[in-house]
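Engineer: Please construct the entire structure, taking both the sequences and the accompanying hints into account.
Note that the protein sequences, when read in sequence, are chains Z and X.
End of the first sequence sits at 277 in the working numbering; the numbers just go up one at a time, nothing left out.
End of the second sequence sits at 684 in the working numbering; the numbers just go up one at a time, nothing left out.
For the record, the hints were derived by calculation from the structure and aren't laboratory data.
A couple of the hints might just be wrong.
Listed next, the stretches of chain X that the computed footprint assigns to chain Z, with coverage defined by at least 3 CB atoms under 8 Å from CB atoms of chain Z [what the hints assert, rightly or not]:
no., stretch
1, 284-293
2, 585-596
3, 601-608
4, 676-683
List of simulated lysine to any residue pairs, SDA-like, C-alpha gap at most 20 Å [as the list claims (entries may be wrong)]:
no., chain 1, residue 1, chain 2, residue 2
5, X, 295, Z, 169
6, X, 494, X, 431
7, Z, 103, X, 671
Sample of chain X residues lacking proximity to chain Z, with all beta carbon distances greater than 10 Å (derived) [claimed, not checked]:
no., residue
8, 279
9, 369
10, 391
11, 429
12, 527
13, 537
14, 618
15, 631
16, 640
The C-beta atom is built at its ideal place from N, Cα and C for all residues, glycine as well.
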Amino acid sequence: MAVVERQFQTPSAEAWHRQNLIRPVEAKPVIELDHIHKSYTMGDVEVHALRGVSLTIREGEFVAIMGASGSGKSTTMNIIGCLDRPTRGNYILDGEDVSELSKDERADIRSQKVGFVFQGFNLLSRTSAIENVELPMLYANIDSHERQKRAQEALAAVGLLGREQSHPNQLSGGQQQRVAIARALVNRPALILADEPTGNLDSRTSIEVMEIFQRLNREQGITLVLVTHEPDIAEYAQRVVVFKDGRIKKDYRIEKQRDAAEELRNLPPVDADDEDE
Amino acid sequence: MNLLAIIRIAYRALARNKMRAALTMLGVIIGVAAVIAMVSIGQGASASVQAQISNMGTNLLFVSAGAQNVGGVRSGTGDNGTNTLTEDDLMAIRREVPSVSMISPMVNSRSQLVVGNQNWNTSIQGVSEQLPDIRKWTVASGEFFTESDVRSATRVIVLGQTVVDNLFNGMDPVGQSVRVMDLPFRVVGVLGRKGQDPQGRDQDDIAFAPYTTVQKKLLGTTRIQVAYVSAVSADATYTAQVQVTDLLRQRHKLSGNQPDDFTVRNMSDIAEAANETNSIMTWLLGSIAGVSLLVGGIGIMNIMLVSVTERTREIGIRLAIGARSSAVKKQFLIESIVLSLTGGTIGILLGIAASLAIPMMLGWPTLVSTTAIVGSVIFSAAVGIFFGYYPARKAAALDPIEALRYE
Numbered sequence: 001m002a003v004v005e006r007q008f009q010t011p012s013a014e015a016w017h018r019q020n021l022i023r024p025v026e027a028k029p030v031i032e033l034d035h036i037h038k039s040y041t042m043g044d045v046e047v048h049a050l051r052g053v054s055l056t057i058r059e060g061e062f063v064a065i066m067g068a069s070g071s072g073k074s075t076t077m078n079i080i081g082c083l084d085r086p087t088r089g090n091y092i093l094d095g096e097d098v099s100e101l102s103k104d105e106r107a108d109i110r111s112q113k114v115g116f117v118f119q120g121f122n123l124l125s126r127t128s129a130i131e132n133v134e135l136p137m138l139y140a141n142i143d144s145h146e147r148q149k150r151a152q153e154a155l156a157a158v159g160l161l162g163r164e165q166s167h168p169n170q171l172s173g174g175q176q177q178r179v180a181i182a183r184a185l186v187n188r189p190a191l192i193l194a195d196e197p198t199g200n201l202d203s204r205t206s207i208e209v210m211e212i213f214q215r216l217n218r219e220q221g222i223t224l225v226l227v228t229h230e231p232d233i234a235e236y237a238q239r240v241v242v243f244k245d246g247r248i249k250k251d252y253r254i255e256k257q258r259d260a261a262e263e264l265r266n267l268p269p270v271d272a273d274d275e276d277e
Numbered sequence: 278m279n280l281l282a283i284i285r286i287a288y289r290a291l292a293r294n295k296m297r298a299a300l301t302m303l304g305v306i307i308g309v310a311a312v313i314a315m316v317s318i319g320q321g322a323s324a325s326v327q328a329q330i331s332n333m334g335t336n337l338l339f340v341s342a343g344a345q346n347v348g349g350v351r352s353g354t355g356d357n358g359t360n361t362l363t364e365d366d367l368m369a370i371r372r373e374v375p376s377v378s379m380i381s382p383m384v385n386s387r388s389q390l391v392v393g394n395q396n397w398n399t400s401i402q403g404v405s406e407q408l409p410d411i412r413k414w415t416v417a418s419g420e421f422f423t424e425s426d427v428r429s430a431t432r433v434i435v436l437g438q439t440v441v442d443n444l445f446n447g448m449d450p451v452g453q454s455v456r457v458m459d460l461p462f463r464v465v466g467v468l469g470r471k472g473q474d475p476q477g478r479d480q481d482d483i484a485f486a487p488y489t490t491v492q493k494k495l496l497g498t499t500r501i502q503v504a505y506v507s508a509v510s511a512d513a514t515y516t517a518q519v520q521v522t523d524l525l526r527q528r529h530k531l532s533g534n535q536p537d538d539f540t541v542r543n544m545s546d547i548a549e550a551a552n553e554t555n556s557i558m559t560w561l562l563g564s565i566a567g568v569s570l571l572v573g574g575i576g577i578m579n580i581m582l583v584s585v586t587e588r589t590r591e592i593g594i595r596l597a598i599g600a601r602s603s604a605v606k607k608q609f610l611i612e613s614i615v616l617s618l619t620g621g622t623i624g625i626l627l628g629i630a631a632s633l634a635i636p637m638m639l640g641w642p643t644l645v646s647t648t649a650i651v652g653s654v655i656f657s658a659a660v661g662i663f664f665g666y667y668p669a670r671k672a673a674a675l676d677p678i679e680a681l682r683y684e
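Structural biologist: Here it is as structure tokens:
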């Protein structure tokens, strides 16, 4: 851990700039959703998943999206992540209109601008941690030397130095999620999308994962969008957007953001055999 | 997305499940090995027939008495059979046909050969002194009988190796006496070993005596059934065939539309017939083996389809983190090509090994065919592309959201 912390005490000039001068008020928008509609036909029935969603998320923000299942939060998430296209409305991601892009163009956008973290970790099985982290770079045509270097750095950033060769089945859930976070980071995306990242984790490991997100957000200025249905997890974000019936019901700033690092310090130490770190 | 990176991705994916990759390849391995082994057996048989024939000499003609078919009635070969080929005919051919260099009648008899308390039943052929040159048969010890032996019908005999092995127990037979039908024959020479003919008959189980001796002393006849005629060169074979036919027709006083009462055949007719049989066999064996290669290809498609379904989530992950669907398609296509080509390569090695082992184990001649090897490589790559395309397209068409949700 000591090694990792030292790395983050010297953030890049760009990150320092973002952190100290622009944030939080009028940073440039990363996500601009303008009256987004999305409808599916399921059999004969037309389902309106989104009914006019407008949302702006600025650079360096940490936003939690909440809502019951069927509220449209997952659909919004898929559209924000360029996995899906809106039926109507405009979506500008990092200054680029992506609402009308083709399948391949969206694949390229995902490769360059979006990092995904999923509830089920979604690592490739029988594949080492470092190869999992390298995967997005393979599709982004980054040469092998650079791939190795960046994968190492990303694993270090999530505190997994020394576990490069471990396979997912040799890692705990928390460690697997950290590999997934490293994978999301590695192409230096404009935005990281986390879909229920703590859904499969116990409460302590959840806090550990949230600590990593907060650290990446504060120290590297990474824009984070977190989908969750747990209110206490949402409190680690700076801003909460609540969906209901395909519309935004509430959008508010958290008065007192929870600090995962501090909470971890106050937790009793884990038993040695709980998690091998 | 460059191809090299996709090839690496495909290799890694295959390496994750080595057992399944090996089993998938098995079909192609067996198919390719079978094609190569089968074709090499066919080619080996063909080559050995060719070798036998060229060993006999491509300038060889067979003249036999009687037509194969006269007026719809097949001529018999018994005692009352045709008597249309005479010694005078042969003498005339030797004298008058310039494209014929050598000639030897072949008067067949079969009898018991007796030496001391040993005896052996073999074929005794009455031939002329030119037979060793016509049949390209060497004399291992002693010498062949001479023209004067033929003229005076001397009781001399030249033995094949098998006869020697069975009668003389390692003794030198040259100069010894052999009794045939209670008549003593002097052994003047022993022939070199020839081995089996393409039909598997032992060519060394034979003895040669002057045809005059066989006719007068053993058979009591003057008839000649068959004669070997050797043309001056391989190119002159056809001319010789025509000239011999013309001469015999003239001597037998056959007019324009009367059919021949004799038959002249050349070795290339016989070689052609033998080759045709062999090439039919080769094709038959090769295509049966080809079917197993096809089944191997279907095996690849089957596993690739299972693999696409089983790896739906993996495909979803790849698409989500920025793989274009074309990259996914190429990955699966390359996986199946790698499977079929690797299988093909192993199959080639196995096939060549089998082709080398078959002559030792079964005694069949084989000849590894380059065409079969090149053909199998191309075919197995084609199998990979053809049977890999559909599963690959299926993988590429997946929707990342659905694929990620797949359990």
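Engineer: Which of the numbered hints are not met once you compare them with the structure shown?
Structural biologist: Failing hint: just 8.
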